[in-house]
Amino acid sequence: MRILIADDNRDAADTLAMVLRFWGHEVRAVYDGRGALLTARSFKPHAALLDIQMPHLNGGDVALDLRKHSEGTFIIALTANDPDDPRLARYDGAFDAFVSKPCDLDHLAELLARRRSGSTIRRQQLSTSS
Amino acid sequence: MAYLRGQGRQAGLGYLAAFVATAIVLLVRRFVLADLFGPDAPLYLFLFAVVASAWFGGLKAGLLATGLSALAGTYILIVRDGWFIADTGDRLRLIVFLLSGVTISWFAESMHRSREGADRQRESLRITLDSIGDAVIATDAEGRITSLNPVAETLTGWTRAEALGRPLQEVFHIISEWTHERLEDPVKHVLAEGRIIGLANHTLLIARDGTERPIDDSASPIKDAEGTILGVVLIFRDITERKRAERTRLQLAAIVESSDDAIIGMDLEGIIRSWNRGAEQLYGYTAGEVVGKPLSLLISPDHPDELPMILERLRRGERIEHFETVRVCKDGRRVDVSLSISPIKDESERIIGVSKIARDVTERKRLYEQLQEADRRKDEFLAILAHELRNPLAPIRNALQIIRLAGDDKASVEKAAVVMDRQLQQMVRLIDDLMDVSRITRNKLKLHRERVDLATVVRNAVETSRPLIEAAGHELTLSLPDEPILVDADSARLSQVFANLLNNAAKYTERGGRISLTLQRESSHAVLRVKDTGIGISAEHLPHLFEMFSQVERSLERSQGGLGIGLNLAKRLTEMQGGMIEAHSEGLNKGSEFLVRLPAVSDSPTQPHPAAEQEDKPGPQRCKVLIVDDDEDTVTSLSIMLRILGHEVLSAHDGVQAIEAANSFRPDVVLLDIALPKMNGYEVARRIRQESWGESMKLVALTGWGQEEDKRRSIQAGFNHHLTKPMEPTALEVLLKELCPRST
Chain A
12 MRILIADDNR
22 DAADTLAMVL
32 RFWGHEVRAV
42 YDGRGALLTA
52 RSFKPHAALL
62 DIQMPHLNGG
72 DVALDLRKHS
82 EGTFIIALTA
92 NDPDDPRLAR
102 YDGAFDAFVS
112 KPCDLDHLAE
122 LLARRRSGST
132 IRRQQLSTSS
Chain B
204 MAYLRGQGRQ
214 AGLGYLAAFV
224 ATAIVLLVRR
234 FVLADLFGPD
244 APLYLFLFAV
254 VASAWFGGLK
264 AGLLATGLSA
274 LAGTYILIVR
284 DGWFIADTGD
294 RLRLIVFLLS
304 GVTISWFAES
314 MHRSREGADR
324 QRESLRITLD
334 SIGDAVIATD
344 AEGRITSLNP
354 VAETLTGWTR
364 AEALGRPLQE
374 VFHIISEWTH
384 ERLEDPVKHV
394 LAEGRIIGLA
404 NHTLLIARDG
414 TERPIDDSAS
424 PIKDAEGTIL
434 GVVLIFRDIT
444 ERKRAERTRL
454 QLAAIVESSD
464 DAIIGMDLEG
474 IIRSWNRGAE
484 QLYGYTAGEV
494 VGKPLSLLIS
504 PDHPDELPMI
514 LERLRRGERI
524 EHFETVRVCK
534 DGRRVDVSLS
544 ISPIKDESER
554 IIGVSKIARD
564 VTERKRLYEQ
574 LQEADRRKDE
584 FLAILAHELR
594 NPLAPIRNAL
604 QIIRLAGDDK
614 ASVEKAAVVM
624 DRQLQQMVRL
634 IDDLMDVSRI
644 TRNKLKLHRE
654 RVDLATVVRN
664 AVETSRPLIE
674 AAGHELTLSL
684 PDEPILVDAD
694 SARLSQVFAN
704 LLNNAAKYTE
714 RGGRISLTLQ
724 RESSHAVLRV
734 KDTGIGISAE
744 HLPHLFEMFS
754 QVERSLERSQ
764 GGLGIGLNLA
774 KRLTEMQGGM
784 IEAHSEGLNK
794 GSEFLVRLPA
804 VSDSPTQPHP
814 AAEQEDKPGP
824 QRCKVLIVDD
834 DEDTVTSLSI
844 MLRILGHEVL
854 SAHDGVQAIE
864 AANSFRPDVV
874 LLDIALPKMN
884 GYEVARRIRQ
894 ESWGESMKLV
904 ALTGWGQEED
914 KRRSIQAGFN
924 HHLTKPMEPT
934 ALEVLLKELC
944 PRST
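First to last, the protein sequences are chains A and B. For the first sequence, counting from 1, position 2 maps to 13 in the working numbering; every step adds exactly one. For the second sequence, counting from 1, position 575 maps to 778 in the working numbering; every step adds exactly one.
Calculated from the structure, these hints are not laboratory results. Check the hints yourself; a few may be wrong.
Unchecked claim - With a Cα cut of at most 35 Å, we get these calculated DSBU-like pairs of lysine-lysine:
id: 1; chain 1: B; residue 1: Lys581; chain 2: A; residue 2: Lys55
id: 2; chain 1: B; residue 1: Lys568; chain 2: A; residue 2: Lys79
id: 3; chain 1: B; residue 1: Lys928; chain 2: A; residue 2: Lys55
id: 4; chain 1: B; residue 1: Lys613; chain 2: B; residue 2: Lys734
id: 5; chain 1: B; residue 1: Lys581; chain 2: B; residue 2: Lys568
id: 6; chain 1: B; residue 1: Lys793; chain 2: B; residue 2: Lys827
id: 7; chain 1: B; residue 1: Lys618; chain 2: B; residue 2: Lys568
id: 8; chain 1: B; residue 1: Lys581; chain 2: B; residue 2: Lys496
id: 9; chain 1: B; residue 1: Lys940; chain 2: B; residue 2: Lys827
id: 10; chain 1: B; residue 1: Lys647; chain 2: B; residue 2: Lys548
id: 11; chain 1: B; residue 1: Lys613; chain 2: A; residue 2: Lys55
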């Protein structure tokens, strides 16, 4: 799958990209919201992992924009916040799933696998296990 | 005659007297006075009998005597034959006699009556006096007691019988409560001045048995119609109860007056009846200004129902506690108060008024709000903390995964390791900051102050912050003075402060901004300025900038990481070193400038204070010392001592370790405990001496025993010296001075 990662913490973005590459995906990592939108246009990712708190344009707004332009993209929010944080409420419809940072990689793998197999994912909020 | 005077009428005696007197007169007339008077019978002699009878028995006795006398006189002395008196003259004389007799009897009767009336009055008065609650003593014009009522008997301890006739002072013994001197007899006073006298306050009456009672009294003269004083009546009462009540009342009044709380008394219509000093202080009105006025003058117009509501509840007998509301003072100022309101009841439990205690709670409210604010910020801080500590965890976890997955891909593994390192450092730094703040708060942060050139500190700080500045693409300009500026400070901590300012400048400025740092001397101070072209600070935020947990309001877009404690920490660290830190900004998006001011010192940089821990700085005399002992505490305490003295220390815990350590560490001095596991100290010493590197090593034996015998044994084993435990620090110091080579 083509996966787009956006996170302003470069190390987080890069390392996650490396892991996903090891899993066999084609990955692009960007470090801010605007970059995410730009790259998405040309890269056309199957899935996008977006950090919420980024400068200029946060992950939520990116998600809303992506949702408008590319229907099929599986959008996952990566957040260090509490998933029940009321500030995230406005983005509820934009994301297919919420994952808490640091993300449980097994869980992430599972999500991506389901997406790849094409089964519909119920849009829901998920908190990290562990 | 006194006997006669004192008696009342005696009817029986009167009748008897009538007969007897008549008989006596008759006999006397007939036999004794017969010659004098001849046959003529003066009836008037019988008048004596009438008088005597009437004297005793009043009208009836007198009439009886008159009758008897008339009969006796007429028939025994005058009438010879027949039943009637023949002579007209005799008849006339009889009629005159009868009239006289009746008149005398009448007068006697009046006399009796009036005496009885007087007696009754006196009796009635006596009963009255006996039954009133006050003590009454009456005296004559010479001051002798004529009457004493039961209350007076009780209070003085004298009975009526004993007291009558005595001079007043014998019975009525009064002294001053204060001086305990005998007070002047009031009766004398009255007799002298002829008017009502009241005794001064604080008089004590001493009863016959010695009991002292406080009394209140007044004495008045008894005068007749001409104004002559016939005597004195003294009225007094025991006022112990009253004094006690008075004292209690004064105490309570004093308590109310001296209370800092406002205590206000009100009647059931809401009119102020009492107003203490606390109320004056709280509301600004004096008692004179408000007593008699309605309480509503204190209540603000936007609470019109408050007073009626309060009065209503109180009429029902309810108390109101901790009622928080607002009141208006004399100067129009509003004050937050907490009220406790209770009904005032009389003895029959009827509500007669209202007592209100008002406490100014403005301070308390303010503190409460501050506390809530602080609590809120702490909660926010914890949330931020959780968030910030989480941030480095994601890359670390990913990196671990990479290492697992990478296999032979060394490049990837290396990258992962680098990332982990970096993120860990970030976490360490965060936690260090936290620890610093915690330590400062608990006053446990120690500064290692020394004279240091600020330029050096600045350069260190710049090095620390450089990665962040460069990563954000900022341009940094440094302006440092030619002359060194020296301060007495902890260079590491100061560098921390400067780095913090530089980091902030980098974080809170848009990419490609400009940061400038200038250091210069201004009179006796060193001034450092860090200026940036960043997002600036709003005017409302500026005053709170250096407070704990303050951070520019975090929106989702603009989070820059960090706990919000950096500036607070910087401020505290600066102030601990005698400096000052300030912030300036023209406003949002207009950049910011931070200033640090430190007192400059003039001498050249000197060596650090000898008491400070010296890990890396060479002291005047420095050895490498190996401590070998299996006892932890010994090793610890010796290490500390040695480090303070400026030496480099290593430790080993058994013989085998000792030899290995001696070989690798090559100490100048070895402090060797004899009682070691695996191999004892003597053996260790021998082995060391056998080695080439151990020949000239100074070996010191440490033992718990110090007999001459043991010392000799140590020397034989190859030890240079022998010390007994526990050892004096000075002994160790002296020994090491001797053993250690002096550094050049």
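So, going through the hints one by one against the coordinates:
For the suggested pair B:Lys581 and A:Lys55, the alpha carbons sit about 44 Å apart, so the restraint of at most 35 Å is broken. For the given pair, B:Lys568 sits about 52 Å from A:Lys79 by alpha-carbon distance, which is inconsistent with the 35 Å threshold. A hinted pair counts as satisfied when its Cα atoms are at most 35 Å apart, and B:Lys928 with A:Lys55 does not qualify at roughly 78 Å. Straight-line distance between C-alpha atoms of B:Lys613 and B:Lys734 comes to about 43 Å, which puts the hinted pair past the 35 Å bound.
Distance check on the hinted pair: B:Lys581 and B:Lys568 sit about 20 Å apart at the alpha-carbon level, within 35 Å; holds. As the CA atoms of B:Lys793 and B:Lys827 are separated by approximately 57 Å, the hinted pair breaks the 35 Å bound. Note on B:Lys618 and B:Lys568: the hinted pairing is violated, with a Cα-Cα distance of about 56 Å set against a maximum of 35 Å. Of the supplied pair hints, the one linking B:Lys581 and B:Lys496 is violated, its CA atoms being roughly 49 Å apart against a limit of 35 Å.
Between B:Lys940 and B:Lys827 the CA atoms are separated by roughly 12 Å; this keeps the pair inside 35 Å, and the hint holds. Between B:Lys647 and B:Lys548 the CA atoms are separated by roughly 59 Å; this puts the pair beyond 35 Å, and the hint is violated. Only pairs whose Cα atoms come within 35 Å are accepted, and B:Lys613 paired with A:Lys55 is accepted, the gap being roughly 31 Å.
In summary, the structure is inconsistent with hints 1, 2, 3, 4, 6, 7, 8, 10 from the numbered list given earlier, while agreeing with the others.
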